[in-house]
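J.: Quick note, the sequences are listed as chains W and V, same order. First residue of the first sequence? That's 1 in UniProt numbering, and the numbers climb one at a time after it. First residue of the second sequence? That's 1 in UniProt numbering, and the numbers climb one at a time after it.
The reader is advised that the hints may include incorrect statements.
Unchecked claim - Covered by chain V, per the in silico footprint, the following chain W stretches (three or more residues, Cβ under 8 angstroms): (1) 29-39; (2) 60-74; (3) 132-139.
As the list claims (entries may be wrong) - Listed next, the in silico PhoX-like pairs over lysine-lysine satisfying Cα-Cα at most 25 angstroms (straight line): (4) W:Lys125 <-> W:Lys174; (5) W:Lys136 <-> V:Lys427; (6) W:Lys36 <-> W:Lys83; (7) W:Lys136 <-> V:Lys503; (8) V:Lys513 <-> V:Lys318.
Stated by the list, open to error - From the derived model, a few chain V residues whose C-beta atoms are all more than 10 angstroms from chain W: (9) Phe45; (10) Thr273; (11) Lys275; (12) Val368; (13) Leu476; (14) Thr477; (15) Arg479; (16) Met485; (17) Cys487; (18) Glu489; (19) Asn506.
It should be emphasised that the hints constitute simulated quantities derived from the structure, not laboratory data. Backbone N, C-alpha and C fix where the C-beta goes; we use that ideal spot for every residue, glycine too.
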Amino acid sequence: MGSNASIMLQQEDLQNICQQTGFTGKQVQRLYSRFKLLDKRDCGYLTREDLLIIPEVNINPLGERLIDVIMEDYGENNQINFKQFMYLLAKFRQGKIKSSITNYNTRESKLRFLFDMYDRNHDMKIDRTELLDVLKMMVGGNIHEDQIATIADHTIGELDKDGDKSITFEEFCKTLERIDADDKMSMKFLS
Amino acid sequence: MYQNKSSIFLILILGLIIHKYYCKEQTYVHNQAKPARFHVAEFNFDHVSDVYAITLWILLGSLAKVGFHLSHRLTEKFPESCLLIILGLIVGALLYITHLAEQKAYVLNSDTFFLFLLPPIILEAGYFMPNRPFFDNLGTILLLAIVNTLFNTLCIGLTLWGFSFTSLYGGTVFDMLPCFVFAALISAVDPVAVLATFTEIHVNDMLYIVVFGESLLNDAVSVVLYRMFDSFAKIGQENLIPTDIILGCLSFFVVALGGVLIGIIFGVVACFTTKFTEHTPVLEPLIILVYAYLAYLTSEMVSVSGILAITFCGMVMKQYVSFNISKKSDATTEYVLKMLSSIMETIIFMFMGLSTVSDHHSWNTGFVLMTLLCCLVYRVIGIAIFANLANCWRLLELTRIDMLIMSYGGLRGAIAFALALILDETKIPRKKEFVTATIAVVFFTVFVQGITIGPLVKCLNVRRKQIEEPTMSAKLTNRMMDHVMTCLEEISGSGGSNSLRDKCRNLDRNYFKRWLLRETPQEKMDIKLLQTFKKINMQSAMKVHDTSKGLVPAPSSSAIHTSASGTNLRPESTFANFSQILAANLPEQTVPDLMFFENHHGAEQYRDDAQMHHFLDTNLYRARPRATIHLRSQDESAGTDGVAHNRFEKSYHHRNHIYIPSRLDKEQIHGRKAGKTSGGTGRSTASKAGSSNITHSHTHSHSPKHHTSSVSKQQNEKLRSASPVSDQKQQQQQQQSKTRSKSPSLSSDQPIRPSSPTAEMYRPSPPISIRIDNDDDNEILDGTTAAERICPWRRSSIPDAARSTSTSPVNDPSNTTQTASNTNDPNLHPGPLTSANYSGTYHKSPEYLGEYATTTKPEEHLSRPNIRDLFNNQSRIPDEKQENDMETNSDESTTQL
C-alpha cells in the first residue's frame, strides 16, 4: 500500500506541500498512505464518515465536534482532500525550534484551532451557548443542566475580562499563557 | 536569629540531658542490690528505655525542625537537610567528646533505616506522585533509572578499581568486586535527598519528575547490583561462574517487576477493602497505611524491591481510594503520610550527621577524592548520553540546561549510607574506607550541590514550575487539548502517547473503577472535570466564607451566638493579622463548615446539591478575584494553595488596573438601575440577600466598595431594596440559624430537588452551610442567567482588586467597621460562622503557618493544590468548631463518628 500510494502522489505536489507545511518528504509520504487508508472509497477525499469510522474518534466525546471543525474550516462541502488534510496536520507539528516554524504551526494558530473548537459561528467570540455545547460533550449527558450551566458561567467568569459575557480570542489566549499549549498541541509525526 | 540560636541550644541541652539520664540508669540499674521491699514508686527506666529514646529522638527532630523554621534567613540560605545534618554532627560530637554513651546506640542502624525510616517517605512520595507527568516521562525515567544507573555503577566501579593499581590510594589495595559493591551503592541517586532538595527549588514538573522518578526507580537496579556484587564478593572472585552473572541479570527483572507487582496487588486489595469500610470510617486511614507497609515488608521479605512496591502501592491506592473513603479519612491519610515522612526525613538526616562522628572511619584522601570525582563526572556523562538518547522520542526535548540540572541534582543520600553500613567487614575488608567515602560523597552532594542548586536554577533561568491554576478554563482547555490530540493522532495514524493514555483511561474506567469503587461512576462522564469544578467551587466558597468571617460585625454574631460573644471582641490588629494568615493558608480556616455537612452524607446531601451550586455560582465570581489578590499580595508565603504568586501574575494583575475607573463608572450606573428595579439582576440580589446563609458573603462583597463613598451608598440602596424580601424571612431565618444544626435535615423545608444520579459525583461538595431558600433558588433559576446575575458582582471585585493590591491587607479592619454599620441584620450572618469559631481557628493559625513552612514538600501544594491542603487541616478544625457549637448540636457532632 505504502509504495503504491507514494507513486500516486505527484512529485511536485509533494515538494509543494513540504515547502508550505514544513513536513519532510518522508512524513508526507507516510501521511499520504494513511490518508489513502482512511479513504476507503478511493475518491481522493475524506468525508465525515471516513473519519468517524476510526474507533478512537468515534468514542471520543469531542470527536464529532473535531470533525465538524475539520470539515468546515479546512475542507469544503464536507470533504477534505489530501492537501487540506496536510494543512490541518501541519498545525500540530512541533514548533519549538525556530527553523521548524511555518505559518501553520505557530502557537497562535494552535490556540486558534482550540478556539475554533468552541466558536462554531465564527464570530470570534465564545458565548455561553457555545461553551455549554462543548461542556455537554465533555462531561456527558448525565449531569444536570444546572450544573453544566454553573460550570459554564464560572468558566466565562474566569476568562471574561471585559464583562461582555463572552470570551474573545485574546481573552482565551491570555488564560492559556501559563499552559504549555505549544507542547500539548504538538505531536510527533513519524517519518 | 537569636531565637533560633537559643532554640538550638535548648535542643542540645535537651539531648544531653536525655543522654545523661539514659546512661546513668543503665549503669545504676545493673549495680543495684537492694533488699526486696515494696516501693511506692519505682524508677524503671530499663523498662521503657528503647521506646523512650526513640520518642525523644522524634521530639528532638521535631523541635529542631520547628526551631529552624523560626528563622527565615537560615532556611532561605540552607536547605533543611543541611541544617539537620549539622545539628546531628554537633550532637554527635558532643556525645563523642563526653563519652556519654557507647556510640552504637545512636548510629544509624540500617535495619531501623530500611524498616522504619524509609517506607513512610517513599510511600508519601508514591501517594502524592503526580501521575500524569510521571507516566508522560516514563520512558525517560526508565532509561535513566536503569541504564544510566547501570552505566554509572560500571564506570565508577571500573575506574575506582583501575586507580587502585596506581599509587593514588597510598598503597591501600581495593579488590575489584568490593569496588563494584561500593559503586553500586554510591551510584544510585537518593530519593530522600532529591525530595528534600527539589521541593525547595521549584523547578518545572517535568524536570522534577525525571530526577525524582529516576531516584525512585533506580532502587531496583541498585538493590540488584548491590546484592549481586555483594554475594559475588562473598562467593569470591575466583569461584564465579558465568551462570552467576546471568542469574544476576535475571534477578533484576524479578526484583523490579516483582516489586511493582506486589505493590499493585496490595494497592488493589487496599482499594477493594475500602469498598466495604462504609461503617467503620475511622479505620480507613489505618487500612491504607497498613496495606502499604505490608507491601513494603512483603517485598523485602521475598527480597524484591520494596521501594518500588510501596511506590506503586501508593500510586494505585491514590487513584481509587480517595473515591471510596470518607473525606475525613482522606484528609487523615494524607496528613499522616506527610507527618510521618516529614519526621522520618528529619530523623534520617539527623542520624546521618550523628553517625558520622564515630571511630569507624578510615580517611583515604585519594580514594575519597576519586570517588567524588567519579560520581560527578559519570553523572554528567551519563545524563548527557541518555538524555540525548531520550530526546529522540521525546516530544518535549530536554535542553542542555535541563540536563545540567538533572546531573547536578543527582544527590546521594541516606540509602547509600545505610547500605554502606551493612557491608560485611569480613568479606569486604575495606568497609571503613567505603563508609567514609560514602559519607564524604553524601555530604558533598547534600551540602555543596544542595545549597548551590537553588541559585543555579535561578541563575540559569530554568523553566520553573508551571503552576497549573485550578481554574475551570484551564482544566477545560487542557482536557480539550487531550481529546483533540488523541483524535488527531488517530487520524494521522501516528499512535502517540495521547492514544495510549486514552486507552489506559478507558481500561481504568471500564474495569478498575467498576471493581474497586463503591459507586461506579457514570459512563462517559468526565469525573476529573467535575472534580476540578468542585474543587474550585469549594475553594471559592471557602474564600467567601473566610473573608466574610474576617468582616463579620461583632454585634450580629453575638446576637446569634451569645455564648461565643466573649471572643468576638478582638483587637483590630487581629483582623489585620487574620487577613495575612488568611492569605497564607486560605483553605483551612473554612473547612469546618464543610465538615458539618460531610457528616450528613445521606439523601439530604444530594438534595441540597443543586442549591449549593446555585449559592456557589452567585458567590464564586465575586469571591475569587478578591481572595486571589490576597494571595498575590503575599508573595512570601509560597506554597499556600493552588494560586500562583509569580511575578508574571502580579504584573498581569497590575495591568488590569488600567481599566478600573471607566468600568467602575459604567457598572455603577448599571448597578443603580438594578437596585431600583427589583427585577433582573436586582431581583437576584434581593433573593440572595433574603436567603440567610448566602448573605454573609453578600455582605462581604459590599465591603470592598466602601472605600469609595459613592459605591457604598449604592450598596446601601441595594441592600434596602433587598430588605423587603429578607424581612419576610428574617424571623424564620433567625430561628433557623440559631437552631440550625449541621444537619440540613432539621431545616429541611425545601422540596427534594430532582437530583440526577450524577449528583453523587459531587460527593466532596462544597459547604452546604449555605442554604438557599427554595423559592429564591427558583427565582434565580428562572430569572436571569447566572452570567448576568454575576455581572453586578463582578464589578465589586474590581475596586476590591485595586484596594488590596495598592494597599495591604491591613485595610480589612476599616472595612469591617464599615460593613458593620450597614449589615447589622442578624440574618446577614449565618449561624455557624461566628467569630468565635473564627477566632478559634485563628489562634490555631500560626501553627499552620509553621506547618506550611516546615512541610517537606511545599511545592506539592502548588502542584496539586487545594483539596489536599484543605483536607490537611480539615481533620483538626472541625473539633474545635464542634466545641463552639456544642450547645446547639452536640448530638450531631458526637454521633458522627
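J.: Each hint should be assessed against the structure and marked as holding or not.
T.: For each hint, the structure was consulted:
1. Only residues whose beta carbon comes within less than 8 angstroms of a beta carbon in chain V count, and the stretch 29-39 of chain W has 5; three or more means the coverage holds.
2. For the stretch 60-74 of chain W, the assignment as covered by chain V holds, since 5 residues bring a beta-carbon within under 8 angstroms of that chain's beta-carbons and 3 suffice.
3. For the stretch 132-139 of chain W, the assignment as covered by chain V holds, since 4 residues bring a beta-carbon within under 8 angstroms of that chain's beta-carbons and 3 suffice.
4. Taken as a hint, the W:Lys125 and W:Lys174 pair is honoured in the structure, with Cα atoms around 14 angstroms apart against an allowance of 25 angstroms.
5. Proximity of W:Lys136 to V:Lys427 is assessed by CA-CA distance (about 68 angstroms); at most 25 angstroms being required, the pair is judged violated.
6. The suggested pairing of W:Lys36 with W:Lys83 holds, with an alpha-carbon distance near 13 angstroms, which does not exceed 25 angstroms.
7. With a C-alpha separation of about 22 angstroms, the suggested pairing of W:Lys136 with V:Lys503 holds against the 25 angstroms cut-off.
8. Simply put, V:Lys513 and V:Lys318 have alpha-carbon atoms about 12 angstroms apart, close enough for the 25 angstroms limit, and the pair holds.
9. Listed as a non-interface residue, V:Phe45 keeps its Cβ farther than 10 angstroms from every Cβ of chain W; the least gap is roughly 58 angstroms.
10. For V:Thr273, the condition that its CB be more than 10 angstroms from all CB atoms of chain W holds, with the nearest at approximately 29 angstroms.
11. Residue placement check: V:Lys275 keeps its beta carbon more than 10 angstroms from all beta carbons of chain W (closest about 22 angstroms).
12. Here V:Val368 stays apart from chain W, with its beta-carbon at least about 42 angstroms from theirs, past the 10 angstroms limit.
13. Here V:Leu476 does not stay apart from chain W, with its beta-carbon only about 6 angstroms from theirs, under the 10 angstroms limit.
14. In this structure V:Thr477 is not separated from chain W by more than 10 angstroms, as the shortest Cβ-Cβ distance comes to only about 6 angstroms.
15. Against the 10 angstroms criterion, V:Arg479 falls within the reach of chain W, whose nearest CB is about 6 angstroms from its own CB.
16. A Cβ of chain W approaches the Cβ of V:Met485 within 10 angstroms, the least distance being about 6 angstroms, so the stated non-interface status is violated.
17. In this structure V:Cys487 is not separated from chain W by more than 10 angstroms, as the shortest Cβ-Cβ distance comes to only about 5 angstroms.
18. Look at V:Glu489: its CB is around 6 angstroms from the nearest CB on chain W, not clear of 10 angstroms, so calling it non-interface is violated.
19. Its beta-carbon lying about 8 angstroms from the closest one in chain W, V:Asn506 breaks the requirement of being farther than 10 angstroms from that chain.
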